[in-house]
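*Asks:* Build the full structure now, drawing on both the sequences and the hints.
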Amino acid sequence: MTTLATSPESEFYMSGFHALSDPLRIKVIENLRSQEMCVCDLCELLSVSQSKLSFHLRVLKDASLVRARPQGRWTYYSLNLPQFVMLEQYLSEFRRFSPILPDRGLKVSTESPCP
Numbered sequence: 276m277t278t279l280a281t282s283p284e285s286e287f288y289m290s291g292f293h294a295l296s297d298p299l300r301i302k303v304i305e306n307l308r309s310q311e312m313c314v315c316d317l318c319e320l321l322s323v324s325q326s327k328l329s330f331h332l333r334v335l336k337d338a339s340l341v342r343a344r345p346q347g348r349w350t351y352y353s354l355n356l357p358q359f360v361m362l363e364q365y366l367s368e369f370r371r372f373s374p375i376l377p378d379r380g381l382k383v384s385t386e387s388p389c390p
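Each residue of the sequence shown is one higher than the one before, counting from 276 in our numbering.
Hints in this document: simulated from the structure, not taken from any laboratory. Hints may be right or wrong, so weigh each one.
Claimed, not checked - Restraint-style ranges between C-beta atoms, simulated for each label pair: (1) Phe369 with Arg348: 41 to 49 Å; (2) Ser326 with Glu368: 33 to 41 Å; (3) Arg370 with Ile301: 18 to 26 Å; (4) Arg371 with Thr281: 19 to 27 Å.
Backbone N, C-alpha and C define an ideal beta-carbon position, used for all residues, glycine too.
*Replies:* Following this line, the structure appears as structure tokens:
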């Protein structure tokens with residue numbers, strides 16, 4: 276079995292999309308869209324334990340999707356918007372490929388081009 280080499284850029288995208296693959300992490304991001312929040316407030320809003328939330332915040336932080344700001348006994352989290360822009364730009368590159376474009380009445384051949 277061969278393994279594919281990955282570039283640091285590929286690692287960034289894999290880490291970012293992996294971080295976005297969990298429903299709880301999506302809920303965290305949705306709550307952080309409007310304001311910076313501390314862990315205690317996120318725990319209450321999402322009805323999860325502090326340890327579970329901390330695990331998911333670590334994944335988001337490792338992917339550079341959120342920033343952590345300690346203040347006294349609490350840590351406040353906010354979105355790292357430039358990272359989301361980079362992921363969005365990566366996805367926008369795929370718009371030029373016709374298979375994912377909206378159907379515009381084009382007919383697709385069911386015949387295989389291979390012999």
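*Asks:* Evaluate each hint against the coordinates.
*Replies:* How the hints compare with the structure:
Taken as a hint, the range 41 to 49 Å holds for the pair phenylalanine 369 and arginine 348, whose Cβ atoms sit roughly 44 Å apart. Judged by the Cβ atoms, the range 33 to 41 Å given for serine 326 and glutamate 368 holds: they are separated by roughly 38 Å. The hint said 18 to 26 Å for the Cβ distance between arginine 370 and isoleucine 301, and at roughly 23 Å that hint holds. In this structure the supplied range 19 to 27 Å holds for arginine 371 paired with threonine 281, their Cβ-Cβ distance being about 23 Å.
No hint from the list above goes unmet by this structure.
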